[in-house]
Structures are given as C-alpha cells and as structure tokens.
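Here is what each chain is made of, one letter per residue.
Number of protein chains: 2
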Amino acid sequence: MSSSLPRVVIVGAGFAGLRAARQLAGAPVQVILVDQNNYHLFQPLLYQVATAGVSATDIAYPVRAIFRRQANFSFRMATVTGVDFAARQVLTDRGPIPYDQLILGVGGETNTFGLQGVARHAFPLKSLDDAIRLRNHVLRMFELSSQSEDPAARAALRTFVVVGGGPTGVECAGALSELIRLVLVKDFPGLDLSDVQVHLVERMDSLLPGFPPQLSAAAAETLRRKNVTVDFGWQVQDYDGEALCLQDGRQLPARTLVWAAGVQAVSLLKQIGLPTSRQGRVPVLPTLQVPGYENVWVVGDAAYLEEAGQPLPMMAPVAIQQGELAAKNILCQLAGQPLQEFQYKDPGSLATIGRNAAVARINRLKFSGFAAWLVWLAVHLFWLIGFRNRLLVMINWAWDYLFYERAVRLITAQGTIESQPKSSTPDA
Amino acid sequence: MSSSLPRVVIVGAGFAGLRAARQLAGAPVQVILVDQNNYHLFQPLLYQVATAGVSATDIAYPVRAIFRRQANFSFRMATVTGVDFAARQVLTDRGPIPYDQLILGVGGETNTFGLQGVARHAFPLKSLDDAIRLRNHVLRMFELSSQSEDPAARAALRTFVVVGGGPTGVECAGALSELIRLVLVKDFPGLDLSDVQVHLVERMDSLLPGFPPQLSAAAAETLRRKNVTVDFGWQVQDYDGEALCLQDGRQLPARTLVWAAGVQAVSLLKQIGLPTSRQGRVPVLPTLQVPGYENVWVVGDAAYLEEAGQPLPMMAPVAIQQGELAAKNILCQLAGQPLQEFQYKDPGSLATIGRNAAVARINRLKFSGFAAWLVWLAVHLFWLIGFRNRLLVMINWAWDYLFYERAVRLITAQGTIESQPKSSTPDA
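Sequence order for the protein chains is A and B.
The numbering of the first sequence is my numbering, which starts it at 358 and goes up by one.
The numbering of the second sequence is my numbering, which starts it at 358 and goes up by one.
Read the hints as simulated data drawn from the structure, not as lab findings.
Any given hint might turn out to be false.
Stated by the list, open to error - The calculated lysine to any residue pairs, modelled on SDA-like cross-linking and capped at a C-alpha distance of 25 Å, are: (1) A:K543 to B:I389; (2) B:K543 to A:R426; (3) A:K543 to B:Q393.
Please read all numbers here as calculations on a predicted model, not as lab measurements.
Next comes chain A alone, as it looks inside the complex:
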C-alpha cells in the first residue's frame, strides 16, 4: 500500500466507524481505524449480557477479524486524548496519528443529568464491563438475600429498579423479570416471588418515546403481565445505593438501580475542543462535516443534526447510514465531486419485552406480540456481525427458550479486581 495515498483516520469501532471503514474498501485511500478496545460491541444486546442471557464474548467481535480481507485497512488500539487540527493529527496515548481526513464516530455515554448519587451508585449499561458488572451484581443480590435474616434488608436486596422508559429500559426490565421468575426461582428453592420487585421508572406518562401510542401502551401492558411494576411520572431526585429518592419525597429501598434514562455524546468531544450542542453532540452540516473543517466529519451518536426540526435519534440505524455517507463524501471530495446531504431512511423501530413479546413499527405497519418478537429475533441475529457469534447467540436463546435457563449466570471477578501484574498495563 502506497503511503502517498490520503490517510482517512476513523475514531471509534462502533456502528458508524465500522460502516465507514467498510465503505472505503477498495478506494484509493489508507484507512486507519482507532479504538481503545480491540472489538466491536453489538450494543443492542448488552442488556442480554446483563441479564445472563448471552455471554459477553457472543456480542463482541475482534476488529482485526472483521477487516482481515480489506487490504487498505489497518487498526490501532489506542485511547484518543485529543486532536491537533492545525497539524492534522489525532493525539493518542500511543503517540500522534496523522490524518488527511478524519471521521469521529466516538459514540455516546450514560447521562446522569448531574445526579451525583446516581453516577456513583447506579449501574449504567453502555459497555461490556457495565453489563458484566450488572450481571454479577444481580446474581449476588440473590445470594445475599438468601442468607439475610432482616426483612427490610432482604426487601431492598430483592428490589430491582430500572430507570428510563426507552428501549434499553424496557428490554432490561422485561429480561430481568424473566431471569428472576423463570430461572432464578429454580436456583433458590426458598425464594418467595411475591418478595421480589422489578420496577420500571419513567418520568413521563408513556414508554418508548417515538413509537406509536398503541405500541407504547402494549409495551406497558406486556411488562405488567410479566410482573414488572411500571411507575409513570416518577421523578428521580437521587440514589444512595440503598434507596431511590423521588422529587416528591417518597423513597423506595433498593440495592439495585439500572440507569437507562439518558445518553449523551462522549465527553471526549468537548476535550477535543469542538463546539457541542444538546446532549454534548457536535453540530454538523448536512454533509456531516464540522463547520469550518472541510476534512473533519462527525457521525453517529456524536453528531448533532436535525431533520424536520427534530434531532436525529442516537440509534444504530442513524449511525450506520451516517458512517456510509461520510465515507462516500470523502471520496467525492477527493475526486472533486459535489458532496451529498444526509437523509435518514427510517427502517422502523423494534423493542422486545421478553419471551414471545415485542413491539414493532416497520413503515406504516405496527404490530406487537409474537410476530413482532420473531421480527426482532431475525433482525438482531442478522445484524450481529459474524456467523459464529450468530450461531452461539441462537443456541443460547434456543436453550433459554426451551428450558427456561440462563446460561451465563456466573458471578465473575470482573470489576472487582484492583490489582494485576504491572507488566499487563499498556505502557510499553
């Protein structure tokens, strides 16, 4: 590969970055993908790792394996610390990486809206480690509650609160309730299910914003049928690890709080020095360029772009389509051709609420129940990168479905080990 070819540096191996890199296959450019992890994470299934449905390794795939056959591609595992726009260099913990074109697909992170107790004690659900930590914690709560003699302490151990009525919150609450009622009940013979509470807390008065009202209502109804208590209009004040405090003064003792109430673009964008807008996202032109930088493109959750007066949602389909367009526009620019503007093609919305239940909107079609669940299954398996992962996830799901089992209910040491051999720190 000639080093005189233009260097396109892509930061972030999420949906947007991956799609952009793939789009540039065969083009007369060098592609350098940078990420702090060596894998792509299929975020839509994170909640399944957290609820012991699939193994962490089933939903992550090594970046190098994905691009093995792409000759103009190389990967750098490094943590980006900044960008020197004047010198056209991405700054990382392993030295600078020069670029001619830069695509930032750095993604989102949990937004706790300044609630310090939530930031400290609640469980986010954005990274593989978040999910494993939540899984370990939930299982540990049952081990502890089986040994606790104090009724109040036991109640708090057996109360699980999910905050946020979006797809992540809905899916997580449904899967958590099923994990407890279908699987753990067999592991803990003394467990009285009437002692166990799963709450889904939502600030507004309906679930799944952006879905048609009848699907939102169907989701709430299905969750209730699965023994999830859906609490509308609850405004979280704070959380201290022992009890959830609401703004009206009420308290709900709970040792587990999953925070799925907000996302924002990663704070790296501010650190880089780019202007940010709502949710910390960087406003971009319809061509996906940052105003004032013709060779810097921001895509996915990190980008702020409106369509029909509404910001585009922070979702995988937007990221994938933007990653594709940014790559195409770079090639247009290099070829001296006019750039295209982004137009979101909405593929619809899907959310699952456990066994046999989901809600789906595809174009004008709206449906819920078993049919929607089958669509959800098919779509997610299709998008999971790599046939092998697809196969393993399918086996796990089939097993779960047929035998009411959760394969991965292990409490591992991840997130609890505080020391490790010095030589394994990335300081070479």
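Based on these hints, arrange chain B on the given structure of chain A.
Positioned in the frame of chain A, the structure of chain B alone reads:
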C-alpha cells in the same frame, strides 16, 4: 427437610466438593456447600480461556444449577475465614455455619517458591480471572508490538515464556504457539513470525513428570515442531516484568511470563490452624479424616496422603475419588459401620499439545499423536459438566479446527477496572 438431620458442610465447589455433595444425594443428611464463587470451574480447560479458544463462561457452571434436583442440598456463597472446631462452626464473611461433619475440598493455588518478582509480575493460571487476564495481556502485547518502533522493546513484547513442564505448562505453550501462528498472524498483516518466540522453560531435563519417558520425549518433539523452544535445565532466579533472570546469570527479555511451575494447597488451611505438610497440604488418615478430628475430612489438592511412598498427585481424578470416599465414610460413620481406606484407581494420564497432537497413557497403553488427541477431546468433553457447555465448547473447537480461528480474542476490561459502584460490593 428436617433440621434435625446431621449437617454435612462441604467447603469448595471443585471436583472433590462437587463429587462429595452428589454422593450424599438422597442420604439422611443436610448438605451445605460453601464456595466464594457461585460456579464450578472446569480447571483443566483454563489454558484454553487464556489462549482465546473458549469463552470463560463455557468452562464454568453455576453450582445451584448442578444441584437443582438434589432436595437435601443447599448452597452458600461465602468466603471461609476459619473453622471453630470446638464449636463445630465454619467461619465465613457472612457469619458462622454450624456443622456436624466437615469436608474441606478447598483446592490448590499457584506456588511461586518465594520468588517475589514472579509472584508480582508473572501470570498464574488457577482461576477464571487469571485466565482472562492472561488472554487480555497476550492480545495486548501484539497490539503494542504492532505500534512499537524500538526493536528491543518489540522483541520483549513478542517473547512469551511459560515456566513449568507439567501438563498445564505443556498445554499452555502449545496453545499459545498455535494462537500466534495460526490465528493472530492473520490479524496482524505486518507480523513476522520469526520475530515471535514461545519458550517452555523446565528445571529438569524432561517434560510431563509421571508420564512414561517415550511420551515425555514425544511431547517435547511435538512442541518443537509447533515452534515452541523447549529449554531444559533452566533454573529461574526471578522476573521483573521485563526480563527473566536465570540462576546462571543469563537473561531473557520477555514481557510475558506464565508461571505453571508449581502448585500448593491454599493458604486457608494454615489460617484454619490445621497442621500442614509438603506443599501446604494437610496430612490425612487413609480414611481421609484429619488425625484427632473424627468429623473433619480433607480431600483433593488440600489433602496429603501417600501411596506406595509417593504423595498422591494434585489432579482431578484423585480429587473426585476422594470426594466420593469422604461422603461414603461419613454415611458409614453415621450408620455405625467401619470406614473404608482410600485407594487411588489411576485412570491414566493425558496431555494435549494443540491441533491433532496429544500424549496418552491408559493402563499399560501408551500412545501419542492424533489418536491420543481424539481421546483427549472425548474425555474432556465428557467431563465438562452440563450438556450445554459441552455443546458450546465443541462448536468453538470445531470452528477453531476448521477455520484456524480463535473466537474469543477480545481484550476486555476485566482486571483493569479499579472502581465500581459501592452497592455492588458484597457487604449486605
């Protein structure tokens, strides 16, 4: 279950503890199994987790699921801190557990023979977390070496040393070499394999002590064919994370040292106050009782017992047979019948050295190569508890075998996260 039945407390969910608990199914006793983890770990395949062959969750199985159908069984997840023999109580971080009969199957840990640098910088291979940490580290070494400009630093990053010529060391060195030469070489297009070194270091002049000489020789020969440098007669002086120092003054720069050179019984046994012998193991009577305590039994790696003047090896078959006998002897004692003495039925020995290669001794039969490898495969799949895990491991192996892939080459955050929500610490 009547609480007036004798309480048999088993500490440790390893091979010995599991077998003992199973043996007591249906007997007129209460069985309480205590372990700090909620899963049984199939230790013989740990090295496969470390070399990205199988997922951590494939070789671990939740204890509660194993014993779900055993009515007289209950599980306590707790860390044992001591035993009050006078009061007949096991002391744990979650309070005391009274016993009438006590089986200690607490297992072994890595023995670094007082080498402080080794204890600090080398990678042991005894727990699930050890294996994940080693996997992350090995993959990280390749990411770092692909970005390193300094030839000396790069050489150290690409030198992998396994110390110890027993089955764990042999299997680990073989699997590591194959991971690099068959899989990673495809991920790192610029990698020159002549730069990569895998050493197996052994103090004595042959591998696999306890195997017939021709099998030891076959193992060394096979490893060499798989590009492992076998260093006999190397005496380790210490390791500082950068270079291995030998007693004769030689140095080998290497950023990775796997320590598979020694095991000892866990230090908990000393903490409990039991007298210990060689390798920290507790001498037991042939009935497996601790002298002076008719209701305390020690089994597996934790027990010291000689047969024909030789200490029994710290291996799964010994542990399984001792767990069975301890349980039987407890029932004999409760029924007023005479106790049996332990007699080891040696099922043979097996060690694999990667694709299509293993050495096997079964009774008087000794063989190596492909046939031994097939036997190794069958035996290990048979012993993996739980059909589902068996199936998943088989798929991973088939994939690996057919496509020269390693599924699980992810660098995850395990072992590197130093903080977590306070509420997830087991302090309820």
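Hint check results:
A distance of roughly 17 Å separates the Cα atoms of K543 of chain A and I389 of chain B; the hinted pair therefore holds under the 25 Å criterion. About 9 Å separates the Cα atoms of K543 of chain B and R426 of chain A, which keeps this hinted pair within 25 Å; it holds. For the suggested pair K543 of chain A and Q393 of chain B, the alpha carbons sit about 21 Å apart, so the restraint of at most 25 Å is met.
Checked against the numbered hints listed earlier, the structure breaks none of them; every hint is satisfied.
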